[in-house]
Amino acid sequence: MTEGDTSYLRAFLKARSGLHLGPEKGYLLQIRLAPILRDAGLASLAALAGTLRSGRDPDLAAQVVAAMTTNETSFFRDRAPFEALQRSILPRLVEARAASRRLRIWSAAASTGQEAYSVAMILAEMAPALEGWTVDIVATDISAEVVARAKAGRYSQFEVQRGLPIRLLLTHFEQGPDGWVISPELRRAVDFRVQNLLDPLERLGQFDVVFCRNLLIYLDAETKRRVLAAVGGRLARGGFLCLGSTETVLGISHAWEQDAEAPSFFQPRSAIPQPYVASYAQTV
Amino acid sequence: MKHCLVVDDSAVIRKVARRIMESMSLQVSEAEDGQQALAACRTRMPDAVLLDWNMPVMDGYEFLQELRRLPGGETPKVVFCTTENDVAHIARAMHAGADEYVMKPFDKEIIAVKLQEVGIV
Ligand SMILES: C[S@@+](CC[C@H](N)C(=O)[O-])C[C@H]1O[C@@H](n2cnc3c(N)ncnc32)[C@H](O)[C@@H]1O
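Residue numbers (my numbering), protein chains in the order written: chain A, 1 to 284; chain B, 1001 to 1121.
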């Protein structure tokens, strides 16, 4: 394994997913890619780098990205943002959107779906206030594998215990042979799709709330700005962006305003004019 | 300091639970079965009870019913905790007046989340 192969793999990951892997994290390549080498019958990371360079094996490329990204998530992760969504953000949006009776919510780095399903459970509790409304929940991730898991909605006992109040487990899950399955109604409420946030996002449409949590922490400053601008560009006027608990002070303070009542939520200080997203990104 | 009573016939489980909850700055006492637990509650009502289901002498279900009849017995937050993890069982525990439910095996994070859920930590 030469310096060149390591830096090729790091550059590959950055170009593909935005993942920033510092030179000191080279050992992670070794650990996380070992199973892929074994399955693909490749002798070393150098051989893997060679195959990726040749561009002959797109599946392998996707597997490498998936193996290196962190999928850690849980239902109602960090609690506070979901409480704020229910108590403060959604009631305000219900008022603001009373004319169109339409709400669109996006979980932008959804991993195995717990975030999107948590939102769906909150909306189910609010059903009386949303009678006659059209509510879309879209959930996307770069990894086809986690998107498939999210769609299936199967979770282990361990996964449902982390953060899910038992009342909601009883309401929204069915017991399967080896774990718990989200109810068909809730599964139908979420539209899961594969989407790389570095690719064009326009076809997703616009959203009133966008969750982009615990992804930016893995990106370098430039990619972070790019993703924030692209994701922020999907916000409808008056919409909210929700960031992860450690992502609230990411040097974005002058472009985004933190909500006074719901500190995980942000709004752009001025509308983001779509044609100017690129220059906006440079000045954030 | 909030006070949590751990009720389980297994000394190992009690020890694990004690260690987890003490690390969360809770004061912990133990009981081996429902009867002991009820006596402990009569002397001093805890803020929370981590309650096993299957115990000799008086099981978790009976204990919970008795507890809720004691003066002040409606205040402790009760987190049920068993290896019988089917929906019917969980629903029965919640119906009997439990506030939350933990499936064994548990770890510190799960206990922390459940105690948060019921407002103890
Ligand atoms: C740590 S998880 C966060 C899950 C959830 N948002 C939460 O906060 O619990 C990060 C997810 O981002 C996804 N991801 C990484 N790079 C991405 C990209 N360029 N586009 C879309 N998703 C990406 C990963 O596949 C992973 O599932």
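Since the hints were made in silico from the structure, they are not lab data.
We put the CB at the ideal spot given by N, CA and C, even for glycine.
Hints may be right or wrong, so weigh each one.
Here are a few chain B residues that face chain A, going by a calculated C-beta distance under 10 Å [said to hold, decoys possible]:
hint: 1; residue: Val1028
hint: 2; residue: Glu1030
hint: 3; residue: Asp1033
hint: 4; residue: Glu1117
What follows is a set of in silico ranges between Cβ atoms, one per label pair, in the way DEER data are often shown [as the list claims (entries may be wrong)]:
hint: 5; chain 1: A; residue 1: Phe158; chain 2: B; residue 2: Gly1119; range: 21 to 29 Å
hint: 6; chain 1: A; residue 1: Ile31; chain 2: B; residue 2: Leu1070; range: 32 to 40 Å
hint: 7; chain 1: B; residue 1: Glu1074; chain 2: A; residue 2: Ala61; range: 45 to 53 Å
hint: 8; chain 1: B; residue 1: Asn1085; chain 2: A; residue 2: Ala152; range: 18 to 26 Å
hint: 9; chain 1: B; residue 1: Arg1069; chain 2: A; residue 2: Glu95; range: 22 to 30 Å
hint: 10; chain 1: A; residue 1: Arg53; chain 2: B; residue 2: Val1087; range: 24 to 32 Å
hint: 11; chain 1: B; residue 1: Asp1059; chain 2: A; residue 2: Ser44; range: 53 to 61 Å
hint: 12; chain 1: A; residue 1: Glu174; chain 2: B; residue 2: Gly1119; range: 44 to 52 Å
hint: 13; chain 1: B; residue 1: Lys1104; chain 2: A; residue 2: Ala96; range: 43 to 51 Å
Evaluation of the provided hints:
1. Val1028: With a closest approach of 21 Å, the Val1028 of chain B hint is violated.
2. Glu1030: Glu1030 of chain B check fails; min Cβ-Cβ to chain A is 23 Å, beyond 10 Å.
3. Asp1033: Violated - the Cβ of Asp1033 of chain B stays beyond 10 Å from chain A, reaching only about 24 Å at its closest.
4. Glu1117: holds, 5 Å
5. A:Phe158 x B:Gly1119: 21 to 29 Å: holds, 23 Å
6. A:Ile31 x B:Leu1070: 32 to 40 Å: The hint (32 to 40 Å, Cβ to Cβ) is violated, given that Ile31 of chain A and Leu1070 of chain B are roughly 54 Å apart.
7. B:Glu1074 x A:Ala61: 45 to 53 Å: Given range 45 to 53 Å: violated, Cβ gap about 59 Å.
8. B:Asn1085 x A:Ala152: 18 to 26 Å: 20 Å Cβ-Cβ, so the 18 to 26 Å window holds.
9. B:Arg1069 x A:Glu95: 22 to 30 Å: For Glu95 of chain A against Arg1069 of chain B, whose Cβ atoms are near 45 Å apart, the range 22 to 30 Å is violated.
10. A:Arg53 x B:Val1087: 24 to 32 Å: violated, 52 Å
11. B:Asp1059 x A:Ser44: 53 to 61 Å: holds, 59 Å
12. A:Glu174 x B:Gly1119: 44 to 52 Å: With Cβ atoms ~28 Å apart, the hint is violated.
13. B:Lys1104 x A:Ala96: 43 to 51 Å: holds, 46 Å
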